[in-house]
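These protein sequences, in sequence, are chains A and B.
Here the first sequence is numbered in UniProt numbering, starting from 1 and rising by one per residue.
Here the second sequence is numbered in UniProt numbering, starting from 1 and rising by one per residue.
If you are wondering where the hints come from, they were derived from the structure by calculation, not from laboratory data.
There's no promise every hint is true.
Identical copies carry no separate label here, and so any pair may be met within one copy or between two of them.
What the hints assert, rightly or not - DSS-like, lysine-lysine: derived pairs with alpha carbons at most 27 angstroms apart:
| hint | residue 1 | residue 2 |
| --- | --- | --- |
| 1 | K51 | K263 |
| 2 | K209 | K94 |
| 3 | K124 | K286 |
| 4 | K94 | K75 |
| 5 | K203 | K94 |
| 6 | K94 | K74 |
So the chains spell out like this:
Protein chains: 2
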Amino acid sequence: MHKKLFIPGPVEVSEDVLLKMATPMIGHRSKDASILQKNISDKLKIVFNTKEEILLSTSSGSGLMEGAVRSCTKKRAAIFSIGAFGKKWYEIAKCNGVAADLYEFQWGEILKPEFVDEILKTGKYDLITITHNETSTGIMNPVEEISKVVKKYPDIVWCLDTVSSMAGTRIDVDKLGVDICVTSSQKALGLPPGIAVCSFSTKAIERAKTVENRGFYFDLLKLHEAIIKRNYQYPSTPSISHMYALDYALDKMLEEGMENRFKRHIEMAKYVRNWAEKYFDIFGDKKHLSNTVTVVKNTREISIADLNKALGERGFTLANGYGKIKDKTFRIAHMGDCSLDDIKEIIANINDILDLK
Amino acid sequence: MHKKLFIPGPVEVSEDVLLKMATPMIGHRSKDASILQKNISDKLKIVFNTKEEILLSTSSGSGLMEGAVRSCTKKRAAIFSIGAFGKKWYEIAKCNGVAADLYEFQWGEILKPEFVDEILKTGKYDLITITHNETSTGIMNPVEEISKVVKKYPDIVWCLDTVSSMAGTRIDVDKLGVDICVTSSQKALGLPPGIAVCSFSTKAIERAKTVENRGFYFDLLKLHEAIIKRNYQYPSTPSISHMYALDYALDKMLEEGMENRFKRHIEMAKYVRNWAEKYFDIFGDKKHLSNTVTVVKNTREISIADLNKALGERGFTLANGYGKIKDKTFRIAHMGDCSLDDIKEIIANINDILDLK
Numbered sequence: 001m002h003k004k005l006f007i008p009g010p011v012e013v014s015e016d017v018l019l020k021m022a023t024p025m026i027g028h029r030s031k032d033a034s035i036l037q038k039n040i041s042d043k044l045k046i047v048f049n050t051k052e053e054i055l056l057s058t059s060s061g062s063g064l065m066e067g068a069v070r071s072c073t074k075k076r077a078a079i080f081s082i083g084a085f086g087k088k089w090y091e092i093a094k095c096n097g098v099a100a101d102l103y104e105f106q107w108g109e110i111l112k113p114e115f116v117d118e119i120l121k122t123g124k125y126d127l128i129t130i131t132h133n134e135t136s137t138g139i140m141n142p143v144e145e146i147s148k149v150v151k152k153y154p155d156i157v158w159c160l161d162t163v164s165s166m167a168g169t170r171i172d173v174d175k176l177g178v179d180i181c182v183t184s185s186q187k188a189l190g191l192p193p194g195i196a197v198c199s200f201s202t203k204a205i206e207r208a209k210t211v212e213n214r215g216f217y218f219d220l221l222k223l224h225e226a227i228i229k230r231n232y233q234y235p236s237t238p239s240i241s242h243m244y245a246l247d248y249a250l251d252k253m254l255e256e257g258m259e260n261r262f263k264r265h266i267e268m269a270k271y272v273r274n275w276a277e278k279y280f281d282i283f284g285d286k287k288h289l290s291n292t293v294t295v296v297k298n299t300r301e302i303s304i305a306d307l308n309k310a311l312g313e314r315g316f317t318l319a320n321g322y323g324k325i326k327d328k329t330f331r332i333a334h335m336g337d338c339s340l341d342d343i344k345e346i347i348a349n350i351n352d353i354l355d356l357k
Numbered sequence: 001m002h003k004k005l006f007i008p009g010p011v012e013v014s015e016d017v018l019l020k021m022a023t024p025m026i027g028h029r030s031k032d033a034s035i036l037q038k039n040i041s042d043k044l045k046i047v048f049n050t051k052e053e054i055l056l057s058t059s060s061g062s063g064l065m066e067g068a069v070r071s072c073t074k075k076r077a078a079i080f081s082i083g084a085f086g087k088k089w090y091e092i093a094k095c096n097g098v099a100a101d102l103y104e105f106q107w108g109e110i111l112k113p114e115f116v117d118e119i120l121k122t123g124k125y126d127l128i129t130i131t132h133n134e135t136s137t138g139i140m141n142p143v144e145e146i147s148k149v150v151k152k153y154p155d156i157v158w159c160l161d162t163v164s165s166m167a168g169t170r171i172d173v174d175k176l177g178v179d180i181c182v183t184s185s186q187k188a189l190g191l192p193p194g195i196a197v198c199s200f201s202t203k204a205i206e207r208a209k210t211v212e213n214r215g216f217y218f219d220l221l222k223l224h225e226a227i228i229k230r231n232y233q234y235p236s237t238p239s240i241s242h243m244y245a246l247d248y249a250l251d252k253m254l255e256e257g258m259e260n261r262f263k264r265h266i267e268m269a270k271y272v273r274n275w276a277e278k279y280f281d282i283f284g285d286k287k288h289l290s291n292t293v294t295v296v297k298n299t300r301e302i303s304i305a306d307l308n309k310a311l312g313e314r315g316f317t318l319a320n321g322y323g324k325i326k327d328k329t330f331r332i333a334h335m336g337d338c339s340l341d342d343i344k345e346i347i348a349n350i351n352d353i354l355d356l357k
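Using the sequences and the accompanying hints, generate a full structural model.
Structure (structure tokens):
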């Protein structure tokens, strides 16, 4: 029996989107492939709110994160982390011999804009990485406020991980001044995992030109040059199946309307939060909760494995807490093509299993 | 109208395999995901003729080529090239600051075993890259003879690109002594593009342990450690859709029987070669022709663009020559799930269009 996924990625994928994954192949050097990629880019520019070019990578989001840090750090990177995925940027930088410092906050906290200011004031850095929506803690960083600080430092290339938020909540890439905004397919975009996309600003392009040893597959400058010179074709063969599914999903998204989509995500988030507060509690800073995933504090000390097993028998899966807050928390994702009815259904089943009244 | 692909990747994918791409999602940290990956690895070991572990990467084959050269060159790499894809290894090495020398042969020639011996005798190298089946020239290197030479040098990590040959012709990875054998999904495996796989020998593992700055996403050692320690789960979210399709395609393949599969490929190759010799000519060294793609010399100086346009109207696509032999040659791929009847069909259409009798 298929179990409906309420984990923060891969998300449950609609049947019509799944079927697009079965589209017959075309050559990746054909005109049709150029048109397909150009269409995807144009639609993603609307979702990202950017006029910059969009790069596609057949990989997970981590691949483009690696590309961003490796291609665009000339001096030193400041890695701001509020959870497991924030810290991942640091691991990536270290593995590539990129000079970087890690600034970690307690899990559940946000990144304070004034702290960013303090660090950038040192003049030591020319690239920063921030996680917009921390999937491990359910916290969404105040990027509007952070943006005001970052704008004071025109030499900074700003990399923003929106892997679990893009298309689930409004992100104004150009207005914020984000240079490389990374997301991947299996979260709020509502697709199977397998491709990642990012915006790539003029500032980032100019920076990359000064950086040596950018690698091959994730060299963002090479990807950018290829789509410009080769009419939206990539140096390596991309996942055409994902491109068809993404193109279709973006049409659906724009038909729903981005504002309606964000409203739907907020409604789902509110429903889960209200329920969590009634029967459990919510992890972390309640003023900055994620619209796409809720991390529930396991105040009742239930066995999450047992709950998931019982849910599994009914055709649902949620996620245990991540890393050091495993078992102390559990996570319910509400993103992508998930509806409020879907959320009500899993919550009703949890209530029934745990006998919550 | 869908055009049946006779280009050397992406190949035409069978409808049943395509449908597996539409399988509903599972969590990539679930037991089911571990079982799926373990099954794929076990079956691929049969296809590769290896007892070593198989690594899967959500990327094109170039990604794993990058991983191989970057993870396992400690001293210096010797890149042997007989065409465009051989040279790609060199570009990859250079982009990563890996010390490497390029040894190029004329397009259409093979790599001579005695030349490999001469180069390895210098003692300068600890890694070599060889293309088994050069997709740009239609030449298949004599890896059995080359293997005898390479075995004289126990410090050499041998990387073999079998992107367009694995599962289309017999490759005995362990017997040959290949350390990292790379292939990708969209060629003779008969899947859509999007994943790549490689074998990873104990010698390669030990070498990687001595190499710093192996990167993140394509660090083969990290991938290997992950599947060992995490029960066949990868550090980053993989393309589950491709994994389902690959698992299914491998079942079909083993049911057909590998020897039958290779026979089918030889039959198709012979048919195309006979036709090419009758009406055109074949490019390159005729003693070492590829079993998966035939590069036809355009001795009649036809317009390949026009031929492909006319074929397109009938629902077929072949490939122009690659790079510097574009228009001077054209390519017909005969690999994956393609049948002799499919080949006869496109050839009959070419005969009809060009009025060949």
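Identical-chain pair category, K94 with K74, by Cα at 27 angstroms: both (14 angstroms within a copy, 19 angstroms between copies)
Copy assignment of K203 with K94, given that the CA separation must stay at most 27 angstroms: Answer is both: 23 angstroms inside a copy and 25 angstroms across each meet the 27 angstroms cutoff.
Homomeric proximity label, K124 with K286: Cα distance no greater than 27 angstroms: neither (33 angstroms within a copy, 61 angstroms between copies)
Within, between, both or neither, where K94 and K75 count as close if Cα-Cα is 27 angstroms or less: both (14 angstroms within a copy, 22 angstroms between copies)
Up to 27 angstroms CA-CA - K263 versus K51, copy category: This pair counts as within: shortest intra-copy Cα distance 24 angstroms, inter-copy 53 angstroms.
Alpha-carbon proximity between K209 and K94, which holds within one copy, between copies, both or neither at 27 angstroms: Both: 21 angstroms inside a chain and 16 angstroms across chains, each within 27 angstroms.
The structure fails hint 3 only (numbered hints given earlier).
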